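**Q** The residues making up each chain are set out below.
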Amino acid sequence: MAQVRLGNIVKHYGDSIAVDDVSLTVEDGEFVALVGPSGCGKTTTLNLVAGLLELTGGTIHIGDRQVNELDPKDRDIAMVFQNYALYPNKTVYANLAFPLQMRKTAKADIDRKVRAAAASLDITHLLQRRPRELSGGQQQRVALGRALVRDPKVFLMDEPLSNLDAKLRVQMRAELKRFHQDLKATIIYVTHDQLEAVTMADRMAVMNHGVLQQYDTPEVVFNAPLNLFVAGFVGSPAMNLFPAEVADGGASLLGPEGWRLTLSERNAARARRATGGVILGARHSMIGLHGEPATDRIPGRVYTVEPTGDITFVHVRIAAANVIASVGPDIRLRADDAVWLSFDQNKLHLFDVASGQALRD
Amino acid sequence: MKEHGFWRLGGKLYLAALVVFTMLPMVWMVITSLKTQFAALQYPPEWIPRNPTLDQYWLLLSPANAVGREFLRYLFNSVWVSAASTVLGVAVAVPAAYAFSRFRFPGRNLLFYSVLLRNMFPAVVFLMPLFIMMRWLGLVNTQASLILTYLTFGLPLSIWLLKGFYDNIPVQLEQAARIDGASRFQAFLLIVMPLSAPGITATAIYSFIMAWNEYVYALTFLNDKDRLTLPVGLQRFFTEYATNWPGLMAASFIMSVPVVALFLVLQKYFVRALTDGAVKS
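Sequences listed follow chains B and H, in order. For the first sequence, my numbering assigns the number 1 to the initial residue and increments by one for each residue that follows. For the second sequence, my numbering assigns the number 1 to the initial residue and increments by one for each residue that follows.
So here's chain H without its partners, still in its complex pose (with noise of 0.2 angstroms):
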């Protein structure tokens, strides 16, 4: 019972220590978004902001001045290519899974496992071929190259969770709502569908945060600062003018306030998505 007691302990504060060292970065990121320019920079530095102050959060946020207008920019392409990849990933991803899950055709397992080929090699490695295809298609320095990328890097996975979900819906489902009038098709919209809703979420929040977080594709691809992409424009943004620390935080906080959001509603569907797929019930 003792030793229970401490291994008990021992692991509490384990954790306790990996959320410290998980969660510091965050919480200075915020007191310093917090603080003026002036007691960004102090030594020894200033734990509690003295004089807390959102004009950082003001100026990014306000379309009335030259520094929030390119910022509200990159928000907005940030999310029009995270977005676009999400969608246009779920209207291949959900097809091609159901594919792979309910009909035989020659090549099928050839296909699935290539699927996961481009998930063997770091993603930098297709960098230079990746942008030699864009360039031939002429879509360097467009967003519709990010958006193409993206979707390649997100589309392995989620075919391979929504397989799983859809491998854990019996047939006969399908089978029973076209013998009740359904076609094929409304049997996988009306039946099928709303099942592996979960999945899709799931698998649609992933590619978002993956797109909303990359950066040297974008960094890459892109040049027009009209187009860039957050992760991007930030680091530019910053380093144009003098080095803006409170600013920079304010703006990552910003940025990373979306995936906070998505990751609480994912957390849920994301362990379900791996469990169904994994363990038949």
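If we strip away everything but chain B, and leave its shape as in the complex, we get (with noise of 0.2 angstroms):
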């Protein structure tokens, strides 16, 4: 296993810009996601470590060499694709043993180190089979399977859970995140799913339009994202973002819906470092909802209830933004009953609505 650095790297098709001087290491040992939504590079990103595409700028490195000019064979890495990318005229065991005779290795040691491989993926039984004869699910494993035979320097997986029904998705990123321990892989994962990302990633990147937004750990993105895209991007439901005016000399935000929240003092010290109005950011969990008005609590109007369960989301209308918050699953509210918000301000974000980015301490 080995670390990876990515240097500045930049992608050009033509004129247009896929991946923009994008500057981040991966750990030894670690697992990192890759996420953003579709065209935001981050497959060109991950190409681009497989030596499937070439750099426009930048340097690529794995573990002390760098890459940049190094043939996919050479480079040392496994990759996992979205379509498995199985060969279909081999069985599965020619489809394993193919990385390995690839390499030249010994003809008992292929047999050896597939048998492993497909022990530790309970797909011993699939060995002889064609891959059209198999399931979504054994496909995947089997993809994997020819990744590890060979114990590269890095595992590349390109939304490899994507073509899976959800069930069977669930069952298998447990699979890989239990993977990733026990190997003490180093890998890159692509996804469009921050949900993905968020359960599995030691640490996820977050791109968009070719720039990484934010690299962090999941807890840290989650909690404290970077800029809008990033709050907008990560957490399901997205997070809330309403606009509003600085007022009072900070001490206080003025809703374009007439409403006044007065804030806390280190709220009020990062509403003043705006340039012009802000962006209110909370996430469902953060917004309190009550019967009755009070000081800082916003008007609203119960727009349509979710009950999933274990948890209710509540859509709310203050004038004609919505809001979605979350109630236990015993609160029964209707649509159009009048509510009333109020917000954690320990939990509350701010951004500043000219560059979009979050307003620190």
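Simulated from the structure, these hints should not be mistaken for laboratory data. Since we're looking at a predicted model, the values are computed, not measured. Quick reminder that beta carbons are idealized off the backbone N, C-alpha and C, glycines included. Treat the hints with caution; some may be incorrect.
Negatives, chain H to chain B, calculated, CB over 10 angstroms [what the hints assert, rightly or not]:
1. 17
2. 24
3. 57
4. 58
5. 70
6. 108
7. 118
8. 132
9. 138
10. 249
Residues on chain H that point at chain B, a partial pick, calculated with CB under 8 angstroms [unchecked claim]:
11. 173
12. 176
13. 179
14. 191
Facing chain B, a subset of chain H residues (Cβ under 10 angstroms, in silico) [claimed, not checked]:
15. 177
16. 178
17. 182
18. 183
19. 184
20. 186
21. 197
Using the hints, put the two standalone chains together into the complex.
**A** As structure tokens, then:
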């Protein structure tokens, strides 16, 4: 296993910029998720690490070696593809053996390693089958087997779970995470599903329009998003964001709907840093719903209620703005009920309207 | 239900009529080839030869006599010209189709459609220009002129068919192979080639049959008796001597054997080649 270092990597396709000056280091044995909406450059970044695409600029190191000019075969990496890319005319055994044959491993060693990999993934009984005779989950395991049979320095995974049905995906998510823990493997994992990134990765790199937005542990990314994009992308349902004006020299916020919110001292200090208006961010769990008005409660009206069993999401309209809050399952609310929202000041996020950046202490 | 049955019956009768229409000449060819010369000219014709004989086949296929030597020479020439243009055709079409399918390069679309340009004109239109070109190249009256010409006829369809095949092979398979330790060429050879084998087989057989049957160019480009291919050879062969109908029919039958045999192999792949390229699964 090895560290992977991306230094200011750039990839252009003609005039369009797919990856724009991304720098990040994946530590030895770390599980890093590249996450972002489609077209954000995450798969391009992965293909650049794999050597399937040529860099326009910057450097990539795997271990101590700069691999910019190396062919994929010489980078000592393994990759799991979204569509698995199993060789359709080869048996599962031959699929697993292929990377070893290509590296001129002795026949006895190949057999031993293939069987060991198959055993660890519980696919020994499938070795003589062909890929088309396997279910999606089985194909997924074979793809994983082909990656790990060679003991590569880095595993690259391109949306490996997105072709599975929801139930299997949850199961494979756990298996992949266990796989990482057991092997202490360095893994770079591309996904558009922020939940996969949050649940599996040691660190996550959020990308948008080819630019790295934030690179940190899921906990930090979730609790302290650096900008509006990350705030809106990570977490489900998405963070509530609503614009407000700074009033009373920073002591309170004034909403376009006419509400007023007094800020805590810490938040007031942040608000004063804003160059113009601010955007208030609050996750559903940080919003309280009340039946009576009080100071610093914002009036709204229930739009709709979504019970999910253990938690109930309440969509509240404040004038034209939609806010999603959550309550316990035993609280009964109905559409068009009048409610008043309060905020946990310690968990409130403030962003500068002009720059989109979080206002920090 | 009744109507359904009526249409079914009507359809079957129609198909039967078509089969008779297409098969009858061939059946007649085989029957005649088994007759004696005298019986072949009788009127009313003998539908079933009274004294069937394989004499004509022995004559044609035996190197012991002049006729047989000549026929076998033409047969060999045809095999050589068809095989050479097929092998060269595949050797050009495979990398060309692969490049059209996988790489983006300037002029790619223009080139790809210009490949079809040749097929927009009847082959005869090119007869004189090609003849003149062959004369410049000093290739008139050589089999190389035919091989080159057949190559240009077979390539457009071969490239189009094969490109359809390659388009349907996910690029991730090659990427996986390259990451697994294969060079770009090895990925093509070990992973893509076996998957495109049906397409290659289909296009190869198609090119072979086309070259095998071609008449006009062979007639124009070749003079030397020793270099003629079967279609032209047959015609000369039997106008030179007295018209030996059973002999001509036997020769035609021998000539059609490879075509029929190849087509039996072809049809499975050919349909796959056409539909694989057309429909994304």
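**Q** Against the structure, test the hints numbered earlier, and report the numbers of the ones violated in rising order.
**A** No hint contradicted; all consistent.
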